[in-house]
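Participant: Take a look at the letters that make up each chain.
Number of protein chains: 4
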Amino acid sequence: MVKVKIIGATGYGGIGLIELLQQHPEAEITALVAREDVGKRISELFPHLEGFCDLPILDAADERAQAPADIVVFSTPDRVGMYEAGKVLAAGAKVLDFSGDFRFTTAEAYADYATRHGKDPVHAAPELLGKNAYGLAELHREEIKAASVVGNPGCFACSCILGLSPAAKAQLFDPMSVICDCKTGVSGAGKKLAATFHYPARYENMNAYKLAGHQHVCEVERELSLLYGQAVRLTFTAHVLPICRGIMSTLYAQLKAPLTEAEAVALYREFYKDAPFVRVYGSKAPIGTNCVQRTNFCDLVVSVDERVNRLRVVSYIDNLMKGQAGSALQNINLMAGLPETLGLMRSGMYP
Amino acid sequence: MVKVKIIGATGYGGIGLIELLQQHPEAEITALVAREDVGKRISELFPHLEGFCDLPILDAADERAQAPADIVVFSTPDRVGMYEAGKVLAAGAKVLDFSGDFRFTTAEAYADYATRHGKDPVHAAPELLGKNAYGLAELHREEIKAASVVGNPGCFACSCILGLSPAAKAQLFDPMSVICDCKTGVSGAGKKLAATFHYPARYENMNAYKLAGHQHVCEVERELSLLYGQAVRLTFTAHVLPICRGIMSTLYAQLKAPLTEAEAVALYREFYKDAPFVRVYGSKAPIGTNCVQRTNFCDLVVSVDERVNRLRVVSYIDNLMKGQAGSALQNINLMAGLPETLGLMRSGMYP
Amino acid sequence: MVKVKIIGATGYGGIGLIELLQQHPEAEITALVAREDVGKRISELFPHLEGFCDLPILDAADERAQAPADIVVFSTPDRVGMYEAGKVLAAGAKVLDFSGDFRFTTAEAYADYATRHGKDPVHAAPELLGKNAYGLAELHREEIKAASVVGNPGCFACSCILGLSPAAKAQLFDPMSVICDCKTGVSGAGKKLAATFHYPARYENMNAYKLAGHQHVCEVERELSLLYGQAVRLTFTAHVLPICRGIMSTLYAQLKAPLTEAEAVALYREFYKDAPFVRVYGSKAPIGTNCVQRTNFCDLVVSVDERVNRLRVVSYIDNLMKGQAGSALQNINLMAGLPETLGLMRSGMYP
Amino acid sequence: MVKVKIIGATGYGGIGLIELLQQHPEAEITALVAREDVGKRISELFPHLEGFCDLPILDAADERAQAPADIVVFSTPDRVGMYEAGKVLAAGAKVLDFSGDFRFTTAEAYADYATRHGKDPVHAAPELLGKNAYGLAELHREEIKAASVVGNPGCFACSCILGLSPAAKAQLFDPMSVICDCKTGVSGAGKKLAATFHYPARYENMNAYKLAGHQHVCEVERELSLLYGQAVRLTFTAHVLPICRGIMSTLYAQLKAPLTEAEAVALYREFYKDAPFVRVYGSKAPIGTNCVQRTNFCDLVVSVDERVNRLRVVSYIDNLMKGQAGSALQNINLMAGLPETLGLMRSGMYP
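Protein chains in written order, with my numbering: chain A, 1 to 351; chain B, 1 to 351; chain C, 1 to 351; chain D, 1 to 351.
Mixed in with the good hints there might be a few duds.
Label pairs and their computed distance ranges (CB to CB) [to be verified]:
{"id": "1", "chain 1": "D", "residue 1": "Glu127", "chain 2": "C", "residue 2": "Ala262", "range": "53 to 63 Å"}
{"id": "2", "chain 1": "B", "residue 1": "Arg35", "chain 2": "A", "residue 2": "Lys273", "range": "33 to 43 Å"}
{"id": "3", "chain 1": "C", "residue 1": "Lys87", "chain 2": "D", "residue 2": "Thr341", "range": "36 to 46 Å"}
{"id": "4", "chain 1": "C", "residue 1": "Ala170", "chain 2": "D", "residue 2": "Tyr83", "range": "55 to 65 Å"}
{"id": "5", "chain 1": "C", "residue 1": "Tyr83", "chain 2": "D", "residue 2": "Thr341", "range": "36 to 46 Å"}
Keep in mind the hints are simulated off the structure, nothing from the lab.
We put the CB at the ideal spot given by N, CA and C, even for glycine.
Please take these sequences and the hints and turn them into a complete structure.
Facilitator: So, in structure tokens, the structure goes:
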């Protein structure tokens, strides 16, 4: 049994991982750590877990929180995990971090990201950068298996990267022409209260936000550029809509040569032929976020606007699953030498 | 492996059962039958099932639809299963019906129900009545195990009966004083299109309906009267609200003698001590429909208005799970001699 | 022109009143006062008002906030208006308060209310009690015209009182048998952030709350008892649902003698024949909260469960209109000697 | 008083116009015509109109439907108004049509549109084409005043055209680089029942649709090309989201030369300086669809992605108001010689 400790257990990421792990046949939770509600059972706060996970919430300093673990998950904001990762590694465990702390492999790339995000640009554990892996299994499976520190992807980034990777790898498009128009449910913003996510303010209201620049751009440009072999620059727009779970990213890129939808679909299917959680469709399939909700799937609808020779991919994920806890469990499986799909291969429910 | 055939596979009940069965370790689906979309794969219509259940939809007359089954499920409207049940039994299989056809054990009780429901009051298979079981495992576990025909409960009825059974059994209340104020999400009305369930007409709109009388009253009064040992008569109000899944039934009854909340909670917990899917709470627990959504649980919040000596129980279920497909699988497990909780014991997801 | 000053201008009550007043032909806003966002234009915070009301938000101590007014509206929490009302009256203006401060006419009644609400039970301006009017125009029109201090009703209370007043006045029911099962949209809880009203936590989630006792019970029992001429005691349950605006209260009472729906409807229509904002329907009318949304109407659906001789009224209002700002403008009109319906007589929009 | 007759009175467009007209100081409704529910009062079907508009629904052949009118509004599907317009004109009235029938001024342009829309490409009244005006007042005010036949714009088209007109007029962008990423609430699809708009199927579900081509592209390209003086070609993606009202269109175009956000905002404000229903903001303003809901405003948020020199405008409208009935009343006012804003200049309500 793989032993997993979760730091930041009461946020959406932590809860999502608890839900998955308590049904996982080869993993167990050794400790739940959080700053608030210490001493309460997790199921007092989240009664849907009653009878499934009744562990207490521990303070980080609590002796029980020191129980040995194989993997320590930091479901914490930026600039928490980077201060703790060294100690975890020294104790012989691996680190999986949900924030931006370990998504970049150089201090410069981190600084660029942090600056856009309004954070301190100096990484606190630069000696770990370069040894870490970017936790998007579809692109970095072998690195994740080998790494002792993995940075789980951002949710928007995950949807955009999966949606454009095959085309980038094939250098199909003008690398300056990419537009990512992303729509997310409110859970993407996490559990923290905010006036704009107060129920009455959000009901029947949708808007674009962070028009001055979104921090996920860095991950997307980095991954696409790596695949393309040349710098890809994109315009990214984030929109928030009054649903709970789900990201729909509509991705546009100017094709360098004519391409049919059938050719594009075939190329995408070939690229993802070994990816168990990516399903590729043409423009006629009735795909929506409800096809992936509460699952680890990314559904891609690939089409070409032949009038203007433009590729258009609509990428659907559940921001809390493939966009967070699902990818996390996929990474845990890989880091622990287990089958990638263990405990994750299930459909959603309709309606 | 228990072989299950589903008639009416493309309604919400059928889909829900497919989702559960495709993950069940001891059951398999032998055929999916429906009237529409014959010849298509079920996953073409419901792409969330892609890779999980790709069976074709068969016409009832199709040879492949005659494959042997241990249990035939009729996820069909009233007055379909009653015409087919005899043939199923003759072929050596058992019947589980989702409609009102086999919820009553006498022709008179059926006629009363059918009349309220605006249906033909003459049962087409009266010889089976009396041999059938009412498929609410918490009250009729042994009968369900023994029966070859089981009538799955109505969703509202399930929530009301579970919410009042312990008090009825203990004869705590005046049997003429019961009020069931029930609120349901829209999926309770099924997949059939209706002007009142068109998205724009339903968004930010709630209303009471069927004020002249709801057909589920019959089941609730029958079950409570049986437990009480005396006729229970109740006022039932159905309300529909702009959510998808979930029933919240607020149940009121005038107590015959003073009772504290602690006493009421203790009595309920004792009653349900062997029921794996019922959880009982006092009035301070933060229970909502989100605690039971996409699960087979019924969460009961028990309180007493001591100012006027009135019992008040709020009963929460997912109308498509405990109110339909979940109870169905619970019944299938019992009918097949499997553990009651097999394939059903999982938590929901938050948020 | 009637001059109105609003204290607490940036809460839902304040905003709602601004929206109404800026279109009112005989009223004008002289000052907007609030504690936060002082110095900003109201339309910077609420851009839907851009071009309609661009007044600055003033601190209470600002000189411009002392501009003379005919009516000062306190759209403030409990225990704010009671400290300021005396000064307002001394300056020759009238007071309209949205909180519980002036809903009761004796110090004892206030103390009972405040205790249930978890507030200090000692009223700060007891000398004004008895001179104030309860601001439900349908019952207290003449008192409101004459009063210099008016307490706007609670939203739940408004819906329940309007729904039961005709039956109480006619002494139709057992006064100990009343049950008020109330469902509200989230805006009823105001603009204050709370974990339970964070969008993802509330989406597709409904629950009962304050099961130990809701403070609005006092108003409802007081008004019904006054009409009945005998103490009415009731069980009140508040439920919150994932919509923005709307209250649906389902009201039950045991009839003392048989009554048909037609008789009940006739009695209600007679009672409200001079009330321009109350519409009475029988059980077949397709009424929902969408019929009253963004309007000052209360729609009542009256029915009788003849099997058990129980009256059932479903009362629909918009909690922010008839339940707050709409009733407030109705009161302002009466207090200022204007026609009761001025600036209020408009339909909602569908869908 | 301007006399208005509405054909197709019970669809969303018809209802919206009734709501506006019954409060309009200078207009009156002379007849409501529809195919279904003939003989019922409109307020029986839509009880929110009770007391506001209680006119009967008439068959087109009913004598009362022949009452003289100044303007006949066809709130009907494509290919209805074109068969009737000639008779209306012959009787001395003007025509305002909500469908695509009179949005084009040549038979060729109509045929192109109709083909994309899957309709018969032959216009039934080609003699009227060229005499009609495109009913977007912000661009065609004088033509609308003069025309006897006006085609109300498509809702998506309205949002895209208003969002890009100033930049097209100034020839700021590469005319082949335009992308319109449009998100609409469900009411945009009208009142007709459809499986994809059944409440449970749509709740918490969003998707792109009509990826093969949307008929509104024709209007947008035509209007932008006219302003630009050169053919503009664009990629258009329609998405539908689980809200009722609201369109948010995110519009992208590659700038020919560097431009700051401040310059872009200034240019837009200048362009719309005489347009009472367009408000222009920079990227920091907290605009969402809730700022325009239930109003005739179009709010534009203008920004520039300077990293890649791309213009990005987010255009917000209420699809049933500025996108339909609101624009219609604006056109009626112009066609009748009334002030453009009469009966339309009001804010929405928050929240």
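Participant: Each of the hints needs a verdict: does it hold here or not?
Facilitator: Here's how the hints hold up against the structure:
1. Glu127/D with Ala262/C: 53 to 63 Å: 58 Å, holds
2. Arg35/B with Lys273/A: 33 to 43 Å: 37 Å, holds
3. Lys87/C with Thr341/D: 36 to 46 Å: The hinted range 36 to 46 Å holds for Lys87/C and Thr341/D, with Cβ atoms some 41 Å apart.
4. Ala170/C with Tyr83/D: 55 to 65 Å: 58 Å, holds
5. Tyr83/C with Thr341/D: 36 to 46 Å: The hint (36 to 46 Å, Cβ to Cβ) holds, given that Tyr83/C and Thr341/D are roughly 43 Å apart.
In the structure shown, no violation is registered for any of the earlier numbered hints.
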